[in-house]
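**Q** We have chain A; now place chain B onto it with these hints.
The listed protein sequences derive, respectively, from chains A and B.
Following numbering that gives the first Met the number 0, the numbering of the first sequence begins with 0 at its first residue and continues without gaps.
Following numbering that gives the first Met the number 0, the numbering of the second sequence begins with 0 at its first residue and continues without gaps.
Hints listed in this document are in silico derivations from the structure and should not be mistaken for laboratory results.
Please note: incorrect hints may appear among the correct ones.
[What the hints assert, rightly or not] Below, a list of computed lysine-lysine pairs in the DSS-like style, where the Cα atoms sit at most 30 Å apart:
hint, chain 1, residue 1, chain 2, residue 2
1, B, K137, A, K79
2, A, K6, B, K137
3, A, K156, B, K93
4, A, K67, A, K6
5, A, K51, A, K67
6, B, K170, A, K121
7, A, K209, A, K121
8, B, K93, A, K158
[Stated by the list, open to error] Just so you have them, the derived chain A footprint on chain B, three or more residues with Cβ under 8 Å:
hint, stretch
9, 159-165
10, 240-247
11, 267-273
12, 286-296
No residue lacks a Cβ here, since even glycine has one placed at the ideal position from N, Cα and C.
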Amino acid sequence: MGRYVLKRFGSMFLTLFVITTFTFIMMHLVPGGPFTSEKKLPPEIERALAEKYNLNDPIHTQYIDYLKGVVQGDLGPSFKYKGRDVSGMIGDYFPVSAQLGGTAILVILLIGVPIGVISALKQGTWLDSFVMLFAILGVTIPSFVVAALMIYVFGVKLKLLPTSRWATPKHMIMPVIALAAYSVAFIARLTRSSMLEVIQQDYIRTARAKGLSEGVVVFKHALKNALIPIVTYIGPMAAGILTGSFVIEKIFAIPGMGRMFVESISNRDYTVIMGVTIFYAAILVFMVFIVDLVYGLIDPRIKIDED
Amino acid sequence: MDNTQVKNKQNLWQPLSKEERDADKIVRPSMTYWQDVWRRLKGNKVAMGSLIFLIFLILVAIFVPMFWPYSYSDQNLMNANQSPSAQHIFGTDKHGRDLFIRVIYGARISLTVGIAASIINLVVGVVYGGISGYAGGKTDNLMMRIVDILYTIPLTLYVILLMVWLGAGMKSILIAIGTTYWISMARIVRGQILSLKEQEYVMAARTLGASDSRILFKHLIPNAMGPIIVTMTMSIPSAIFTEAFLSFIGLGVSAPKASWGVLANDALGSFMLYPHHLFFPALALSLTMLAFNFLGDGLRDALDPKMRK
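Chain A on its own, in the form it takes in the complex (with noise of 0.2 Å):
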C-alpha cells in the first residue's frame, strides 16, 4: 500500500509537472507578444516592459525561472491588471468558486444517489420513468439553458430569487441548481444502472433470505457495492464542476474563479491563463489521486500493488 502511494503520488507530480511545460510552451507559441494590442506602444514603452517582465531573456531562462516561481506558488504578474500578481488573484477568486463547487458536489451526492438508489428499488413504476425521464433531459440540456431557464422563471417572471452577484444564501441557490444539474442527472443514471447489477447478486439473495430488514439489506449490503462506480466518476465530475463554473459564473456574474479565467481568455492576459490552467489542473489531478486511493481501499479486488 504504502509503495502504491508514492508511486501515485509520484506519477502526479510527473503529470503536474508534463502539464506546467506544455502549458508554457503553449503560451510561448501564440504569436504576438502579451503587449501586442490595437493601441501601438511606443518602442521605449515596449522595451521597458519587456525588461521589467524579463522576456529578453533567452526562453529557457524564463521557463526556469518560471518553474521555480510554480513551486514556490508564485505564478507571475497579472500583464493585464498592472500590479496585481496571478497566485494573489487566485487567491482572491477561488473561495467563492470553491464555495459554488464545493456545494454543487454536496447537492449532487446528496441528491443523485438516493434519487439513483430510488429509482432503481422501484424498477418500471413511473417514478422511475420519471426519474429517468429527468435523468436524460439533466444529460442532453446545456448548463446555460438551465440557468437561463431559472433566471427567466424565477429571476425575472415570480421575481423570487436575485439573478446575479454572489452575497446571500439565496443568490446560490440557482448557480448551484444548474451547475449541479447535468451531474445529479449523470450520477443518478450511474447509481441505478449500478444499484440494479449489485441487487440481483447471490449476496443479495442470501442476505434476504437470512430475513434481514430490507432496510439492512439495501443500505448495508447493495449500496457500499453499488457505490464503487460512483467513486470513479468523482474526478470527471470534478473537472465538470470546474468548466461548468466557467458558463455558470459567467451567467449570473459571480466573482470566481471561472470568471476571471474566461475574462482572462478574453483579454489574453497569458499569464493568468496559465497560471490559473496549472491551478485548475493540480486541484484535479490531485482530486484523481484521492479517488484512486479511496478506490484502492473500498474495493480489495482492485489489486493495488500490481505494477
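**A** Just chain B, lined up with the frame of chain A:
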C-alpha cells in the same frame, strides 16, 4: 411374393408431402452481422426516431438555406428583435437577421464540428489503440502510459489553451477537439484488439503470410467496429457540447457565422426581453443531443445484445 404385397410395399414408400419436406429448409436468408444489427435497430422505436430526426436535420441544414428568402448574414435593422411571425418564423435577432436561418446555419456548423471532430478522434484513436493493442509488450506499455498521463490531464483546459493559441475559428475548433478527445477511443480499441488478436482467424491470416498492417486493418479493426461505432456516436454530442461551451466563453466561430453555442451566447444578453432568441437555438441543441444519445444507446443494444440491461 404376390402382387398385393408388392403394392403394399410401394405404398409404404410414399413421397413426403411438400410441407414435411420443407420443414427443415432454412427459409430465412442467412443474415450478415450488419443486417442483423440493422434488424435489431429497426425494432427500437426511440433509436429509429432519433435516426430519422438526425437525417431530417442534416437534410434541412443542407437544403433549406438554398431556397430560404433570407441569408444568415442579411441584416435589416428595421426588423430587429421581432417575435416569431409568418415572415420570420423564429423571429429576428438584434441585427434584424432571420433567426430561423441562423439556427439552420448553426446546425450546419454544430453538426460539422461534431461529426468531423469525431471522425478525427476515430482515426487517431483507432490507429493509436490498434497499434498499441496489436504490438503488445513494451510498445503497448509505453503507449498506454502516455495515455494514462493524458487521461489525468483535464482535457477541456487543453482545448481552451489550444484555442487561445490557434485563435478562434472552425479550423481551430476541429484541431483542438480532434487532437484531445481520442483517448477513450484509443483505450476501447486497444481492449478489443487485445482480445481479438488471439482468435484463430488471425493465426490463419498470419499463416497465409498476411502482413501485420493487413491483419490489423483488414481483420482486427473491422471486427472491433461495433464498439468503435458506439463510442463515435456518443462522442458526437460531446463534441457539439464542447463547441457550444467554447463558443459560450468566446472562443467559437467568428461572426456573422454562428453555431448554436454562439447563438445562445448572443441571446443571453437580452433573453429576459426576447426569450425566443435563446429558446430556439437551445431547443435545437437539446433535441440533437437527445437524438444522438438515444441513437447511441440503441446502437449499443443492437451491436451487442449481451450488453443490454
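**Q** All hints are to be evaluated individually against the structure, with a verdict given for each.
**A** Evaluation of the provided hints:
1. K137(B) / K79(A): With Cα atoms ~48 Å apart, K137(B) and K79(A) exceed 30 Å; violated.
2. K6(A) / K137(B): Holds: K6(A) and K137(B) sit about 20 Å apart, inside 30 Å.
3. K156(A) / K93(B): Holds, at roughly 22 Å.
4. K67(A) / K6(A): Status holds; Cα separation ~23 Å.
5. K51(A) / K67(A): It holds: about 18 Å lies between the C-alpha atoms, which stays within 30 Å.
6. K170(B) / K121(A): violated, 48 Å
7. K209(A) / K121(A): holds, 22 Å
8. K93(B) / K158(A): holds, 26 Å
9. 159-165: holds (count 5)
10. 240-247: Holds: 4 residues of the stretch 240-247 of chain B have a Cβ under 8 Å from chain A.
11. 267-273: holds (count 3)
12. 286-296: Coverage by chain A holds for the stretch 286-296 of chain B (3 residues, Cβ < 8 Å).
The structure fails to meet hints 1, 6 from the earlier list, while all remaining hints are met.
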